[in-house]
Amino acid sequence: MSHKRRPNTLFNMLFILVSVGMVSALGLSYTDHATKSAREEREKAKKIEAIQKVFPKLNGIQADNAVYFFPKEGGVMEPLTIDQKDKIDEKEKFKVIEVFGVKKDGQPAGFAVKTFTERGYSGKITMMIGFDAEGKITESALLEHKETPGLGTELDKSTFKTPLIGKTPDGTFKLKVKKDGGSVDAITGATISSRAFCDAVGTAYKAVCKQTSDALIACKNLNN
Amino acid sequence: MNLMQFFTKGLVKENIIFAMVLGLCPTLAVTTSAKNGINMGLAMLVVMIGSNIIISLIRNMIPDKVRIPVFIVIIAAFTTIIELCMKAYTPDIYKALGIYIPLIVANCVPLVSAESSAAKYPVLPSILAAAGTGIGVVLAFGVLGGVREIIGAGTIYEIRFLPEGMKTIMIFIMPPGAFIALGLIIAVFNKFKNRLYGRKPA
Numbered sequence: 001m002s003h004k005r006r007p008n009t010l011f012n013m014l015f016i017l018v019s020v021g022m023v024s025a026l027g028l029s030y031t032d033h034a035t036k037s038a039r040e041e042r043e044k045a046k047k048i049e050a051i052q053k054v055f056p057k058l059n060g061i062q063a064d065n066a067v068y069f070f071p072k073e074g075g076v077m078e079p080l081t082i083d084q085k086d087k088i089d090e091k092e093k094f095k096v097i098e099v100f101g102v103k104k105d106g107q108p109a110g111f112a113v114k115t116f117t118e119r120g121y122s123g124k125i126t127m128m129i130g131f132d133a134e135g136k137i138t139e140s141a142l143l144e145h146k147e148t149p150g151l152g153t154e155l156d157k158s159t160f161k162t163p164l165i166g167k168t169p170d171g172t173f174k175l176k177v178k179k180d181g182g183s184v185d186a187i188t189g190a191t192i193s194s195r196a197f198c199d200a201v202g203t204a205y206k207a208v209c210k211q212t213s214d215a216l217i218a219c220k221n222l223n224n
Numbered sequence: 001m002n003l004m005q006f007f008t009k010g011l012v013k014e015n016i017i018f019a020m021v022l023g024l025c026p027t028l029a030v031t032t033s034a035k036n037g038i039n040m041g042l043a044m045l046v047v048m049i050g051s052n053i054i055i056s057l058i059r060n061m062i063p064d065k066v067r068i069p070v071f072i073v074i075i076a077a078f079t080t081i082i083e084l085c086m087k088a089y090t091p092d093i094y095k096a097l098g099i100y101i102p103l104i105v106a107n108c109v110p111l112v113s114a115e116s117s118a119a120k121y122p123v124l125p126s127i128l129a130a131a132g133t134g135i136g137v138v139l140a141f142g143v144l145g146g147v148r149e150i151i152g153a154g155t156i157y158e159i160r161f162l163p164e165g166m167k168t169i170m171i172f173i174m175p176p177g178a179f180i181a182l183g184l185i186i187a188v189f190n191k192f193k194n195r196l197y198g199r200k201p202a
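Protein chains in written order, with this note's numbering: chain S, 1 to 224; chain U, 1 to 202.
Hints were generated in silico from the structure; no laboratory data involved. Some hints here could point you the wrong way.
Stated by the list, open to error - Using 20 Å as the maximum straight-line C-alpha spacing, the simulated EDC-like pairs for lysine to aspartate or glutamate come out as follows:
1. Lys46(S) to Asp92(U)
2. Lys35(U) to Glu41(S)
3. Lys157(S) to Glu158(U)
4. Lys87(U) to Asp132(S)
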């Protein structure tokens with residue numbers, strides 16, 4: 001097999017590196033642009049799907065428009081208008097908490113909250129969590145994350161989630177992993193991911209409490 | 001080497017995980033269950049075929065000294081383009097395979113396939129080499145993931161077959177257990193390979 005390869009001159013090397021780099025960059029930015037609207041549509045559909053998913057026992061729920069919050073210093077929730085939300089930097093967008101009031105047959109059934117944590121094993125995790133009208137956990141669904149398949153991804157499995165359904169921080173149930181003195185059974189080998197989950201749920205509670213002016217039992221017990 | 005050999009050598013004789021023992025980091029990380037392993041293997045198969053095609057097409061234009069950075073840029077860009085398209089157009093497949101795709105960029109397996117096949121041979125042999133290596137990876141990950149899942153979690157392809165509550169050897173889900181399982185599997189695999197191809201002097 002004869003290799004009529006270009007010789008290793010400085011020019012050749014620079015030329016090929018720059019060309020490959022440029023073509024790759026062009027290909028990537030083109031693909032990013034061309035798929036942007038399709039990807040955003042998927043995100044929207046995923047969100048509606050996720051809201052329904054966190055209320056598995058109620059078919060045909062209605063979700064109110066989202067109320068937006070942004071976490072400030074000390075975990076204080078600041079409400080945002082839609083305009084303020086749109087102005088948030090791309091890099092910080094994942095921190096916007098969205099609270100959806102959920103109704104079934106016109107009656108308030110609880111809340112679906114798109115929440116986040118930065119304490120995942122591989123960085124940020126966004127997820128949807130459902131609370132019933134009393135603030136008890138109904139279900140959760142991971143949205144975006146980079147957790148390790150088989151470890152952090154177990155956060156979406158029933159083995160982890162089932163013990164949490166119907167619970168709310170009410171003094172007896174503490175929203176921390178057992179290792180930290182709480183009531184949550186962490187995933188074996190994925191303590192960090194499990195802690196991150198608790199952090200995200202706590203954040204969700206804080207937003208709902210801000211919206212309902214501490215109407216839930218959980219609101220008095222969040223720091224226990 | 002005749003054409004079919006490009007494909008078959010990646011399956012057993014030069015199986016990149018069990019015989020060449022390359023790319024161990026992601027191997028140990030994703031083979032926590034048969035399903036995770038096989039999905040990751042499939043994602044790698046697609047990436048390898050695609051990047052091998054591109055690299056093979058321009059192989060004679062790449063000066064020898066800069067081949068590694070060029071291959072890596074092509075593989076990484078290709079991987080990311082695949083990920084973006086999957087996110088946009090095939091959300092169901094993306095749900096299953098999507099999280100594994102960025103792991104492929106940090107994996108040396110596509111690079112090895114590019115180095116040894118795509119850089120030297122025309123497109124068709126390069127595709128066959130990528131396919132053979134990729135399927136070898138799927139098999140390897142499937143076996144390793146399956147063994148770890150059976151012993152460590154009592155399920156196979158997420159179907160529980162051990163009675164509920166029966167204790168499993170948890171360590172097999174974690175990295176130390178992955179090493180143990182891999183070592184034992186390689187021992188068995190070598191026996192099988194030697195029977196198939198005859199022992200080569202070391």
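Going through the hints against the structure:
no.: 1; hint: Lys46(S) to Asp92(U); result: holds (11 Å)
no.: 2; hint: Lys35(U) to Glu41(S); result: violated (28 Å)
no.: 3; hint: Lys157(S) to Glu158(U); result: holds (11 Å)
no.: 4; hint: Lys87(U) to Asp132(S); result: violated (31 Å)
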